[in-house]
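Residue numbers (our numbering), protein chains in the order written: chain U, 1 to 104; chain H, 1 to 259; chain Y, 1 to 310.
These are calculated hints, taken from the structure and not from any lab test. There could be a bad hint or two in this list.
Pairs of lysine to aspartate or glutamate, EDC-like flavour, derived with a Cα cap of 20 Å [claimed, not checked]: (1) K144/Y x D19/U; (2) K124/H x E229/Y; (3) K239/Y x E259/Y; (4) K227/H x D259/H; (5) K68/H x E201/Y; (6) K22/U x D140/Y; (7) K11/H x E201/Y; (8) K11/H x E207/Y; (9) K98/U x D140/Y; (10) K69/Y x D79/Y; (11) K300/Y x D46/U; (12) K34/H x D140/Y; (13) K34/H x E207/Y; (14) K144/Y x D21/U; (15) K239/Y x E229/Y; (16) K144/Y x E87/U; (17) K199/Y x E134/H; (18) K254/Y x E214/Y.
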Amino acid sequence: MIANYGFKDGSGDWYVVIDTDKCNGCGKCQEVCPPRILEVGPDEIDIFREGSVASVKHEERKKVRYSCAPCRPGYGEQPPPCVGACEPKAISHSDGWKRLYGHK
Amino acid sequence: MIVAGIDVGGKNIHIVVKKDGQILGKTTGSTGIKKEEVVGQLYDEVLKKAGLARKDVERVVATGSAAKRVAFANGAIPDVAADAKGVIKLIPSARTVIDVGAEEGRSIKVSPEGKVLDFAINEKCAAGTGTFVEAMSRALEVSVDEMSKISLQSTQTLSINAQCAVFGESEVVSLIHQKTPKRDIARAVMNAIAGRIASVARIVGLEKDVVMVGGMAKNAGFIDSLKKNIEMDVLVPADPDYMGALGAAEAAIAGVYTD
Amino acid sequence: MAEVKTQEFWRWPETNWVNPDIDWKNGKLITAGVDVGSVSTQAVIMVDGELYAYGNTRTGSDSPNSARKGMGFALEKSDIKIDNIDYCIGTGYGRVNVPMAQQSITEISCHARGANFMYGPEVRTVMDMGGQDCKAINVDGRGKVLNFIMNDKCAAGTGRGMEVFADLIRVPVWEIGPRSFQISKQPPVISSTCVVFAKSEVVGLLESGMPENEIMAAYCSAMAHRIMELLNRLGVKEKFVITGGIAKNEGVVKRLEKELGIKTAERVWYKKEYIDRKYPFDTQLAGGIGAALFGQALLKMGNAKSARKA
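Full structure from sequences and hints, please.
Shown next as structure tokens:
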């Protein structure tokens with residue numbers, strides 16, 4: 001399952017995208033996320049799935065634009081820490097940050 | 001040489017008339033719907049007060065979201081360039097300029113010469129603009145000035161979870177129903193928008209001196225929240241909402257603008 | 001037929017209904033789903049996986065009381081009591097505060113399953129617009145979520161966006177759809193996404209003398225466009241269905257279909273008996289139905305214990 005956590009408003013698409021088919025619940029993304037917006041726990045969407053998956057904390061979903069901005073998703077020299085730490089490549093970002101801020 | 005800088009924002013127009021180092025006149029008014037007419041009227045008014053006529057002004061440079069509506073301008077410059085030029089003139093130590101108006105917020109990294117090195121914009125969403133503060137003040141049934149004052153007297157911290165002016169209004173209404181003191185709600189509103197603006201500012205980096213301009217700079221409660229959020233001092237020039245127009249006037253003097 | 005209880009001017013009417021063809025006392029598993037949304041609350045009771053009763057009410061300022069009110073309204077025309085219910089699941093914005101629920105499940109899962117029940121196993125994309133959010137879900141034939149996207153941060157493209165507009169032009173929400181088609185020419189679309197800025201645009205249009213119906217057309221087109229942008233990120237597949245209050249707004253639905261080039265499924269029950277017996281089809285029930293079905297599944301699988309007291 002592809003989970004898009006975040007929002008869309010007049011300024012763009014601001015989503016942290018987690019592919020739960022790839023996510024193995026290892027929790028590395030949660031550890032390295034500077035604003036600590038990620039958590040790992042039972043899959044709350046597929047309630048019959050066993051094992052843990054990563055997700056964005058509920059109270060953080062409306063603020064991902066601001067929380068993720070310092071990590072420069074899509075336009076920094078390095079990928080954001082969560083993307084770098086994820087071996088199965090389960091986590092990524094939408095293009096809002098690249099479109100609006102990556103104009104250098 | 002006499003020049004004029006005209007900043008046509010979504011909500012307000014600001015005009016500055018300058019001769020060399022001196023400001024001969026300045027004025028502000030609501031942009032309204034018939035923008036060209038209003039700009040013309042305000043321009044003629046400020047010139048009349050300064051004892052001038054249109055022909056006395058050698059160059060007119062426009063800026064702002066509706067800069068195109070200044071039909072008689074010689075040229076225009078982008079808002080971020082106007083802000084940078086205007087602020088550096090008044091505060092040479094400025095390195096970060098944060099401009100929040102009624103409809104847009106922006107953060108600009110400036111060089112000592114007043115050039116724009118980088119910028120980030122908060123646009124098309126009322127939650128990062130003066131409109132948010134206005135909407136919340138309506139829900140609180142106080143003026144924006146009153147809301148700013150009482151926010152400084154807040155004794156308890158709460159947060160507004162909504163990141164939208166429309167949903168924020170409902171949240172404020174619920175808080176009022178729960179008998180939350182208005183001063184604490186006011187403070188929460190200031191903290192909420194200061195947080196969003198600080199986040200956008202961090203994208204370009206917060207290097208001192210941090211200067212706040214635009215309509216929001218006149219809101220002392222907001223400035224206080226911003227300072228606490230970024231843990232840095234924030235300088236506010238006199239007439240902070242005129243910075244765009246001032247910068248446009250400086251561009252006129254320097255002859256640096258696009259036709 | 002469902003009875004209309006109260007009618008507030010700018011809001012959809014409150015309704016409730018009991019299935020005349022089911023005697024709950026003969027049922028083996030009675031489960032309930034309470035969907036407490038930010039604007040409306042639906043309580044649904046199912047007996048052995050069949051729709052038995054529902055109440056559709058306006059959410060108040062307090063989630064627990066809204067849940068009680070919705071449930072009370074659902075039980076009103078039957079002699080069934082809360083104590084007779086085996087398992088109740090809360091969903092929606094206020095799901096953790098549903099006093100009579102044994103568990104809560106997100107509305108994404110519940111809408112997916114509910115849409116599968118209401119519209120059938122051919123459903124592949126579900127779009128739900130509630131009072132304060134908009135979500136799009138791709139599902140498989142059993143109503144399992146394959147991917148989803150949600151927005152509950154921004155009022156644009158939510159029920160609130162339409163309500164703000166209705167309040168501004170002082171026209172009941174349910175009239176906007178039909179009137180938006182009674183126009184002689186297509187107006188330009190409202191350019192602002194943000195509801196607050198769109199309001200100023202609308203004020204400008206009103207002052208310029210644009211006919212009201214044209215303004216409604218402009219606004220509905222803008223909203224349809226926002227939804228399309230959200231949906232395109234997900235990828236829409238047929239059978240495409242819309243749940244939630246917005247499904248009742250033809251002004252937005254028809255324009256969305258046109259933008260996507262895909263028609264939404266007809267708003268009728270998948271189960272033929274329900275159609276034949278003329279059971280009311282309320283698109284706002286999807287969340288509550290899905291929740292009640294999850295309750296049944298959990299009990300059947302032994303993952304949950306019956307909470308029935310009588």
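Checked against the structure, which of the hints given earlier come out wrong? Of the numbered hints, 4, 9, 12, 16 do not hold.
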